[in-house]
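Engineer: Each chain, written out:
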Amino acid sequence: MEATDTIRVRLNGKERELEAGHTVTSLLESLELHPGMVVVELNRDILERERYREAVVSDGDTIELVHFVGGG
Amino acid sequence: MSEARATLDTARSLDGPLTIAEVDFTSRLIVGTGKYTTNEVMVDAIRASGAEMVTVAVRRVDLDRTKEEAILHHLDPEEFFLLANTAGCYTAEDAIRYARLARAAGFNEFVKLEVIGDETTLLPDVQATLEAAKTLAGEGFKVMAYTNDDLITALRLEDAGCVAVMPLASPIGSGLGVVNPYFIREIKRRLSVPVIVDAGVGTASDACVTMEQGVDGVLMNTALAAADDPVRMAHAMKHAIVAGRLAFLAGRMPAREIAVPSSPTRGMLD
Chain A
9 MEATDTIRVR
19 LNGKERELEA
29 GHTVTSLLES
39 LELHPGMVVV
49 ELNRDILERE
59 RYREAVVSDG
69 DTIELVHFVG
79 GG
Chain B
18 MSEARATLDT
28 ARSLDGPLTI
38 AEVDFTSRLI
48 VGTGKYTTNE
58 VMVDAIRASG
68 AEMVTVAVRR
78 VDLDRTKEEA
88 ILHHLDPEEF
98 FLLANTAGCY
108 TAEDAIRYAR
118 LARAAGFNEF
128 VKLEVIGDET
138 TLLPDVQATL
148 EAAKTLAGEG
158 FKVMAYTNDD
168 LITALRLEDA
178 GCVAVMPLAS
188 PIGSGLGVVN
198 PYFIREIKRR
208 LSVPVIVDAG
218 VGTASDACVT
228 MEQGVDGVLM
238 NTALAAADDP
248 VRMAHAMKHA
258 IVAGRLAFLA
268 GRMPAREIAV
278 PSSPTRGMLD
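Residue numbers (this note's numbering), protein chains in the order written: chain A, 9 to 80; chain B, 18 to 287.
Because the hints were derived from the structure by calculation, they are not lab data.
A portion of the hints provided could be inaccurate.
To be verified - Residues of chain B placed beyond 10 Å of chain A at every Cβ, according to the derived structure:
| hint | residue |
| --- | --- |
| 1 | ASP26 |
| 2 | THR36 |
| 3 | GLY49 |
| 4 | GLU86 |
| 5 | ALA121 |
| 6 | GLY134 |
| 7 | THR138 |
| 8 | PRO188 |
| 9 | ASN238 |
| 10 | GLU274 |
Stated by the list, open to error - Straight line, CA to CA, 20 Å or less: simulated SDA-like cross-link-like pairs of lysine to any residue:
| hint | chain 1 | residue 1 | chain 2 | residue 2 |
| --- | --- | --- | --- | --- |
| 11 | A | LYS22 | B | ASP81 |
| 12 | A | LYS22 | A | SER34 |
| 13 | B | LYS52 | A | VAL77 |
As the list claims (entries may be wrong) - Computed beta-carbon distance windows for the label pairs:
| hint | chain 1 | residue 1 | chain 2 | residue 2 | range |
| --- | --- | --- | --- | --- | --- |
| 14 | A | LYS22 | B | ARG29 | 17 to 25 Å |
| 15 | B | LEU193 | A | LEU55 | 56 to 64 Å |
| 16 | A | GLU37 | B | TYR199 | 51 to 59 Å |
| 17 | A | LEU39 | B | SER209 | 40 to 48 Å |
| 18 | A | HIS42 | B | THR27 | 48 to 56 Å |
| 19 | B | ASP41 | A | LYS22 | 26 to 34 Å |
| 20 | B | ALA243 | A | ARG16 | 26 to 34 Å |
| 21 | A | GLU40 | B | PHE124 | 41 to 49 Å |
| 22 | B | LEU193 | A | ASP13 | 55 to 63 Å |
| 23 | B | HIS90 | A | ARG16 | 47 to 55 Å |
| 24 | B | ARG64 | A | VAL64 | 38 to 46 Å |
| 25 | A | MET45 | B | ALA23 | 47 to 55 Å |
| 26 | B | ARG29 | A | GLU23 | 51 to 59 Å |
| 27 | B | LEU193 | A | SER34 | 35 to 43 Å |
None of these values were measured; they are calculated from a predicted model.
Where is the CB? At the ideal position from N, CA and C, for every residue including glycine.
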């Protein structure tokens, strides 16, 4: 794969190489995550669900995917 | 389930609802969702407890997940009122970030604000809690603030716009019960917003004694999750909360260190 086809992001604390051109929607799909079950923080800003489709994942982005887990 | 309802029906006929920020709850018990051995036991225990409000934590999705950890796969948000928490946060900034993420999930504006100040005791950092409470209340959050049993902090949290103040009975997960009932009573006497005792209840008698102090509710997690039989303990807690509440409303007899006969002293035979 050529370097231009991939980007590097920090996803949930880990460096990852992704195919270039992902939107948040396609990234969630590739991770088999339901958009309604997660909240996305892109470079420290919360991304509203309506923007998942248009939000493009870029080289150097820091992405956090969070959800609710058991806790007290 | 029907038995859980019967107990709550009794409570409903003798007591008003627990109202937090204009939302009514029949049950005065709020439960956590952590530390259960299985999700099935968790759901069964929560149903047995009769609790309507359940608290959940915000965490990163584990992308190498081997099991389904998302709580919403197991808890129906139509059945329970979700109270997201900021558990695990040690700064006001982190707690605010977690609260905003929780709200973006789209269920409600309630947050159980928790800012821990010490890893050993898990006691709250009240200064950071107050700071975060002010910011979050200003952003429209319905803040239910976990705090220590200090009256002054409780009053300041109320002033900051919290919709409920939640002093601890004793440290999180300790199961020591109410270590200072006087402080809990004083906080309840002085605040206008609901006072929910959060953390430290170990068994049913602790829950009952806590409610007898006159507080509006109790939040617990480990007391159920770490019981040998969480579902049975959840039944016990449901009864204990109702019993303590009704005993408080009924007004107890004066305690005195002298015996007083219950039967007439007159009319005894010669």
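Engineer: Looking at GLU274(B) again, its CB stays over 10 Å from all of chain A?
Structural biologist: Answer for GLU274(B): holds, closest chain A Cβ roughly 39 Å.
Engineer: If I claimed the Cβ atoms of ARG29(B) and GLU23(A) lie 51 to 59 Å apart, would that claim hold in this structure?
Structural biologist: holds (55 Å)
Engineer: Range first: 26 to 34 Å. Now tell me if the beta carbons of ALA243(B) and ARG16(A) are that far apart.
Structural biologist: violated (43 Å)
Engineer: LYS22(A) and SER34(A) were given as a pair; does the straight-line alpha-carbon distance stay at or below 20 Å?
Structural biologist: holds (19 Å)
Engineer: Would the pair LYS22(A) and ASP81(B) pass a check requiring their Cα atoms to be no farther apart than 20 Å?
Structural biologist: Measuring from Cα to Cα gives roughly 11 Å; hence the hint holds.
Engineer: Look at the Cβ atoms of GLU40(A) and PHE124(B) and judge whether their distance stays inside 41 to 49 Å.
Structural biologist: violated (23 Å)
Engineer: So the hint says 35 to 43 Å: do the beta-carbon atoms of LEU193(B) and SER34(A) match that?
Structural biologist: Roughly 51 Å apart at Cβ, these two residues miss the hinted range, so it is violated.
Engineer: Between LYS52(B) and VAL77(A), does the CA-CA distance stay at or below 20 Å?
Structural biologist: holds (11 Å)
Engineer: Can you let me know if the beta-carbon spacing of HIS90(B) and ARG16(A) is within 47 to 55 Å?
Structural biologist: Distance hint for HIS90(B), ARG16(A) is violated at roughly 31 Å.
Engineer: Beyond 10 Å from every Cβ of chain A: is that where the Cβ of ASP26(B) lies?
Structural biologist: holds (28 Å)
Engineer: Would the non-interface assignment of THR138(B) survive a Cβ cutoff of 10 Å against chain A?
Structural biologist: Fine: 16 Å to the nearest Cβ keeps THR138(B) off the interface.
Engineer: Between the beta carbons of HIS42(A) and THR27(B), is the distance compatible with 48 to 56 Å?
Structural biologist: Given about 40 Å between the Cβ atoms, the range is violated.
Checked against the numbered hints above, the structure breaks hints 3, 4, 5, 9, 14, 15, 18, 19, 20, 21, 23, 25 and 27 and satisfies the rest.
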